[in-house]
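Novice: The chain contents come next:
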Amino acid sequence: MIGLLEQYWPLLLEGFINTLIVSIIALLSSLIIGTIMGMLQLSANKIVRTIVNIYVEFFRNIPLLITVMFFYVVVPMYWMNISGFAAGIIGLTIYTSSFIADNIRAGILTVPAGQMEAALSQGMKQIQVMRYVILPQAIRIVLPPLGNQFINLVKNSSVLAMVTGLDLMYYGDFVAMETFNTFDTYILVGLIYLVITLPLTFATRKLEAKLGVNDN
Amino acid sequence: MKSIKRIALGIGLLFFTFIMTGCGEAAADVDIAERIDEQETPILNWGVKADTNLFGYYNIESGEVEGFDIDIAKALTEEMTNGTGEAKFVEVTSKTRIPLLKNGKIDGIIATMTISEERKKEVDFSDVYFNGGQSLLVPEDSEINDIEDLTEDHTILAIKGSSSTQNMRELAPQVNVLDLENYGEGFVALQSGQGDALTTDSAILLGMIDTNPDYRLAGSNFTDEPYGIAINKGQENFLDRLEKALETIQGNGVYDEIYDKWFGEILPADSPNTASTSTTGAANNAPENEGESGDNQ
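Residue numbers (UniProt numbering), protein chains in the order written: chain C, 1 to 216; chain P, 1 to 297.
The hints are simulated quantities; they were obtained by calculation from the structure and are not laboratory data. Heads up, a few of these hints could be off.
[Unchecked claim] Calculated lysine to aspartate or glutamate pairs in the EDC-like style (CA-CA distance at most 16 Å, straight line):
| hint | chain 1 | residue 1 | chain 2 | residue 2 |
| --- | --- | --- | --- | --- |
| 1 | P | Lys233 | P | Asp127 |
| 2 | P | Lys102 | C | Asp184 |
| 3 | P | Lys233 | P | Glu122 |
| 4 | P | Lys233 | P | Glu117 |
| 5 | P | Lys102 | P | Asp31 |
| 6 | P | Lys88 | P | Glu64 |
| 7 | P | Lys95 | C | Asp184 |
| 8 | P | Lys95 | P | Glu122 |
| 9 | P | Lys244 | P | Asp124 |
| 10 | P | Lys121 | C | Glu178 |
| 11 | P | Lys120 | C | Asp184 |
| 12 | P | Lys102 | P | Glu86 |
| 13 | P | Lys74 | P | Glu247 |
| 14 | P | Lys95 | C | Glu178 |
| 15 | P | Lys88 | P | Glu78 |
Predicted, not measured: the structure shown is a model, and the values here were computed from it.
Work out the full structure, taking the sequences as your base and the hints as a guide.
Specialist: Quick look at the structure:
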C-alpha cells in the first residue's frame, strides 16, 4: 500500500484536491439552495410551494447517478458543453440541496407557530421573523442531520468517477486497473476519503456543542 | 456485558480478516480439471461481457447473453467435457474480471481480453482466439482520419482498465485521454461531444457502427491485440485441456461457423483485416498468415 502511494501519489493527490474542491463548492451551494428551498416549502403562496415540492421530491427520490449522467450526457447533446467535473458538481448540488431543504423545512416546523404570529404582531416583516426568530432556533435542530448530509455529500462525490470527473475515485479506479492491486488501492482510497470526512464530522460536533444543540 | 461485547468484537474482526484473506484463495485453489472429471454434469463458469455488441451482449428478448465469446465458451465447454458439461455465464467488466477470476467466482474469462505481458503476470492465457486491433471511432464529419491527426487539443474517450487506454496514452501522449466505465457510456459520451473520438478494439467499434451508421472508423487498426482466454495461474491441467479444445474447434469448422455467424458480414474471414484464428483450409489461406504474423511479434 505504501508502494502504491509512493508510485501514484501525484495522481491520487490531484484526485484528492479535485474531490475537495467538488465537496466544498457543492456543500456551500447546496446549503444556500437547500435553505431557500426549505423556507419556500412553507411559503404561503401555493404555486411556489408546489413547484419547490416537486423539485425536492423529484431529485431526492431518483438516483444521484441519473442526475449527474443527465448533465454529463443529455445537456451537452442538446444545449451546452459541460465537462464531467462540472456535471458532477451540478448533480451533487441539486441532489444534496433537496435533502437539505427537507431538513430545514422539518427544523422550521419544530418552532411553534405561535412565535411567528407573535413576532408578526410586533410589526416585524416575515423575512425578519425568519432571520431573527425562527432560523436561529431551527438551526439547532437541523445541525445534526445537516452534518450527515455533508458527509454523504463527500462520499457521493465519488460518482464523478463515472463521468470522467477526475476525482479521487476516478484516479483510484485508474491505479487499481493499472496495478491490478484492487484491494490495496481501494483501501488506500477509502483512507484518503476519511481524511476529508472525519474532520468534517469533528467540525460539526464542535459546532453542535457551541450552539448548545444537546442542552435544550 | 462488557466482556461479551469484547468477544463479539473479536469474533467479528476475526471473521472480517478471514473474509479478506482466506476465502478467496481457497476457492481459486481447486483444480478445475479434476472437478470436471469428478462431477457428472460439470459446470464451467465463464466470465463474459454483457455490454459488448457481437461479443457478449444481453439480449432483452431472450433474457440471455449472446455473442461470439458466448458461443466460443459453449463450444469449448462441450469439447472439454465431452458434451456432458454445462457452460454458465457471469457478467464481468474490464474492471471486475481479474478479481472475480482470482476469488474463484469464475473459472475462465472470455471477455474480449487482450493478451498482454503485464496481464500474464497475473493470469495464464490460452492461445489467441480472435485477432483484434485498436482503432478510433469518430462522427462521420470528423476531421480525424488517422491516429497521426491527433493533437493536444483532442480529447479521446477510452474504457477504464482496458489495454486500449494504456496504448492510447503511449502512442499519442500529447492527447487528453478520459476513461469511462464501459463501452455504452463511452459511446454515449462521444455522442454528446465529451470527446472527439472513442478508442477501443475495432471489432467492438464496428458493432457500434452496425447500429449507428453516422459514425465511422478513422483509419485502420494501429495495434495488434490478440484476444485470449484467461484462467488462474496454477491450473496447468485445465489450461492444457483448454488449449487442446481450442485447437480442435479451430480445426474442425466449429470456430469458422461461429466466426461467420457474428462477423461474416462486417469482417469476413477472407478480408485482409480478418480477425479469424481458424486453422482450416479455404477461407483463410492468405489472410490467416497475416493474422498469425501479428501474434508472433
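Novice: Now, for every hint given, state plainly whether the structure supports it.
Specialist: Each hint, compared with the structure:
Proposed proximity of Lys233/P and Asp127/P is supported: the alpha carbons are some 15 Å apart, at most 16 Å. A distance of roughly 15 Å separates the Cα atoms of Lys102/P and Asp184/C; the hinted pair therefore holds under the 16 Å criterion. For the hint linking Lys233/P to Glu122/P, the alpha-carbon distance of about 7 Å falls within 16 Å, and the restraint holds. Taking the CA atoms of Lys233/P and Glu117/P, the gap is about 14 Å. The hint holds against a cut of 16 Å.
For the hint pairing Lys102/P with Asp31/P, the CA-to-CA distance comes to about 13 Å; that is within 16 Å, so the pair holds. Between Lys88/P and Glu64/P the alpha-carbon distance is near 11 Å, which keeps this suggested pair within the 16 Å criterion. Restraint check for Lys95/P and Asp184/C: the C-alpha separation of about 15 Å stays at or below 16 Å, so the hint holds. A threshold of 16 Å between alpha carbons decides the hint, and for Lys95/P with Glu122/P the separation of about 14 Å falls inside it, so the pair holds.
The suggested pairing of Lys244/P with Asp124/P holds, with an alpha-carbon distance near 15 Å, which does not exceed 16 Å. About 13 Å separates the Cα atoms of Lys121/P and Glu178/C, which keeps this hinted pair within 16 Å; it holds. For the suggested pair Lys120/P and Asp184/C, the alpha carbons sit about 20 Å apart, so the restraint of at most 16 Å is broken. A C-alpha spacing of about 21 Å is found between Lys102/P and Glu86/P, which places the hinted pair above 16 Å, so the restraint is violated.
For the given pair, Lys74/P sits about 15 Å from Glu247/P by alpha-carbon distance, which is consistent with the 16 Å threshold. As the CA atoms of Lys95/P and Glu178/C are separated by approximately 10 Å, the hinted pair is consistent with the 16 Å bound. This hinted pair checks out: Lys88/P and Glu78/P have alpha carbons roughly 12 Å apart, not beyond 16 Å.
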